[in-house]
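K.L.:
Each chain, letter by letter, is given below.
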Amino acid sequence: MSARRIFARPARFAAIAPYVWMVLFFLVPFGFVLKISLSQTAIAQPPYEPVFDLTAGWTAIRVAFAALSLDNFRLLASDDLYVYAYVRSLTVAITATTLLLLIGYPIAYGMARLPRRWQAVAMVLVIVPFWTSFLIRIYAWINILQHDGLLNQILLALHLVSQPVVWLSTDSAMYLGIVYSYLPFMILPLYATLAKMEPVLEEAASDLGAPPWQVFWLITFPLSLPGVGAGVLLCFIPIVGEFVIPDLLAGSNSLMIGQTLWLEFFTNKDWPVASAAAIVLLVVLLLPLLLYERLQRRQLEER
Amino acid sequence: MRKFSRLSRFNVASLALGLAFLYLPILILVIYSFNASRLVTVWGGWSLRWYQEFFNDRAMIEASWMSLKVAVSSASIATLIGTLAAVALSRGERFRGRTLFSGMLYAPLVMPEVISGLSLLLLFVALNAERGFWTVTIAHTTLTMCFVAVVVQSRLGSLDRSLEEAAMDLGCDPVRAFVAVTLPLIAPAIVAGWMLAFTLSLDDLVIASFTTGPGSATLPIRIYSEVRLGVKPEINAICTLVIGLIAMVIVVASLASKLSSSQGESAAPL
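Chain order of the listed sequences is X and B. In terms of this note's numbering, the first sequence opens at residue 147 and continues consecutively. In terms of this note's numbering, the second sequence opens at residue 811 and continues consecutively.
This is chain B alone, in the form it adopts within the complex (with noise of 0.2 Å):
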């Protein structure tokens, strides 16, 4: 009898009715935002007419690239220091203040996001550094950071260490051998990684907030305050280019992990 190695209808039922739940809404308002019609819930027909909005919006323009820029230098300094930080986890075997580093490194995965920006404001607001840019590529590198390395150490993790040994016995010293054997085999988890520090990046909003100044808000910040005074059909539309722009980069990350990973392994990161 393999009744239970099988499945059941029950089984099928949850799992479709989850993916459901899981999509329908994104699809909805992917359909929505090429509604003709100024009320959102009314169909009026096919029309790119609020994609025209957004790009003659300078506001929403401005949060896009500054969005932007923040998501590819706060993924690009994330994943360097990220990868390091899960390079001497992973085979840095004993070392003083371990606790203490690991500890620092998961506790903004869970942390709520007000204590994360509340505190970095705080520090910002010591040290006298004007807020922008800078600030929240900061902020985001800090949360950021902690995913990426997440992400490496599982890869790490789960790689056989005599390929290392073997090149050191073949007389690499320990760099040479971790930039020769190592690095290649550990690279899509930290293209993997960069992925998510970039989409992360780019879908904060709380933190942001805190650690921005005026004049520069992302493009969260600006969705936010539109939100909040009501459904906006250019809002659809500027959504589902955001949603376009993270499936592509979903894809490449997939196709980067496919590259190496066996299944089973990428269900570590979260």
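Just chain X, with the same shape it has in the complex (with noise of 0.2 Å):
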């Protein structure tokens, strides 16, 4: 028996500890989920019906299942809100990853431009505002684009403008917010897969007479294409549920889906129907989440 293999057998020992984590606080709980979202709002602690009560013996767990519905997915589909919601999040999502993907790309291809020392301490550069608070980051530019703040100061100052703009509460703003905040997770995947990239292979399309644009779309692109999708997805499938952003950048009359779920779960205390959007929410990441975990397994297993 090889070393590798025996080595192997402890090795999977240590799976049992964060598999009995993961299986208790990350799958257990979508079935709380599920379950909610099938029960009907009720003004109780916790506040909703049925509760499952195993003491109570089998016909009370056949009378509880009988009782869940789907009411809560409907109203889902029926209520305008919501399927705005929806959309405005898909929207959103996909307006901003387009958005991170084109101010992302030169920058990463700047990075894999560097000499090779500059490039670790590009890296680091842009990994240090990831780590900083994502909170903090996005409070940063409300002092900036507020009512009389830096920015607006600065175009009365150069006359751009005669009177202060409105940037808060707009839809730029926000788009200016997940930018700002997502950039790191696109440029790291994009620089990484572009600084693995050969220069020879664009050197010579360009000596047999390619123009530099034709030299990006035939060669650089399709060959950094791996480092595009870690990108897009690494972006796309959290922008989908923001919350924080659009709450503090956008305006309040229309929501994203993580905006609506938080309403219902805080201010509107329907957990069923906050339950059942995460439903809903899920259903539409599946795909990109999949996608997303192919990617990583390929990345980290198979070198």
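Everything labelled a hint here was simulated from the structure, so no lab data went into it. From a predicted model like this one, the values you see are computed outputs, not experimental measurements. In this text, a Cβ means the ideal position worked out from N, Cα and C, and glycines have one as well. Be aware that a few hints might be false.
[Said to hold, decoys possible] Just a few of them, taken from the derived set where beta-carbon distance is under 10 Å, the chain B residues facing chain X:
id	residue
1	VAL822
2	LEU910
3	MET921
4	GLY942
5	GLN963
6	ALA997
7	ILE1000
8	ILE1060
[Claimed, not checked] Beyond 12 Å from chain X on every Cβ pair, some chain B residues (computed):
id	residue
9	VAL840
10	ALA846
11	SER857
12	ARG859
13	GLU863
14	PHE865
15	ASN866
16	ASP867
17	ARG868
18	GLU872
19	VAL882
20	SER883
21	PHE1008
22	SER1026
Using the hints, put the two standalone chains together into the complex.
P.N.:
Below is the structure:
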């Protein structure tokens, strides 16, 4: 038996603790979300029924099952507010991810062209904001974008505008916030693939007479597709469910699904509808999630 | 012709603009935290007034303390369990339920926080657990251990496995070989994983909002409720303190990873 296989046996035992933890605190909770999404709202604590009571015996459990209903999902499908929130979430996520790709690509490309030593420095510089608090970075923008904030002061001083522009509570502010927060997530996977690329390939294409844009479209971009895929998924999935950024920077007249879920839960105390919203969100994200997992597994396990 | 291995003007411009975009807002925030004026946007000279205000704000101090306690405990548990998960995934070869296992570990990295928060809360309610320090700690551990696992796993994947095998050929049993050879080699990644878990926990608003109970708000929860009411100079001061703390953590983490990894590898964790 090879050393590798002898080593594998105790290594497998290491899986037990994290396995149990993730089943208990990641998998099982989804069961509760599903169950409560099928329950009725009640003015009680906890605010839903039926509540399973395993001590009440089999008949009680059957009664509880019979009481489950799809009403919450019907509500989600019939109420324009929710339908609109889902459409808006997807639109915002697609738009923002496109913006991120357009902004992140040149930066990642610039990083990959740096001399080796400077690449490491640039990478740290891109990672640091990711480590700095998310909330604080959004707050920093509120400082700048508010009515008498720095941006308006500069615009007024330069006589570009005659009176302060309303930046906060607009979609532009929200997109700015999203792009700002997620930029490292887009840059890093792009940089990782671009840095591995041989410049010889681009040079060859160029030597054979291709103009720069053709070199980019025929050589650089196709070769960077794995990084593009990772970056897009890494941004798109969480943005669809984003709560903090639209809540603080966008107006309140059109909500994203993360916001309606939050509202149902914390303001309306309607846990069943909030759970149903979570289930629908999860279903929408299932395909991108599976794609992301495959990418992640390939990156980490097949070396 | 070595046109494509050199920086073009376009490359330099996009890099400079990109970095300015990432750092200017934070810089402005830090500078304004030392502003003497109550009006956030009028410069009234340098002052530490808002820091004083923060240290006199009992609720904020309590929330900061709560956040620090949660961050240290959840990061420590997450590092332990996450490292075990990484070892199992990168050294366990094939085992039953492996796909589910790695799936459960990778999904939380991108899962919208409202979903994770809500589902954990419903679990805690069903278990009749009293919400507060422990529920938030468990919730943060669940999220951050996945990040630890990925950081450590990518380090384990890049190690030369013949070192472990040599130790075993020389008579070590697997556990001994792991402790004597593998563990010291992945130690920097473990440290970096702890730091990442710590900052993620310190930063989290959404999951903490769902899983905490009355009277045990974390710092982001307090900051959020203040920010919703508008910009306050005191918040600038608190944010600057948090940024300072995180900057310290980053310096330690990067020193730790410099001790081991060569460049390029650390791109994998994200």
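K.L.:
Any hints from earlier that this structure breaks? Give me their numbers in increasing order, please.
P.N.:
Violated hints (numbers, rising): 4, 6, 7, 9 and 21; every other hint is consistent with the structure.
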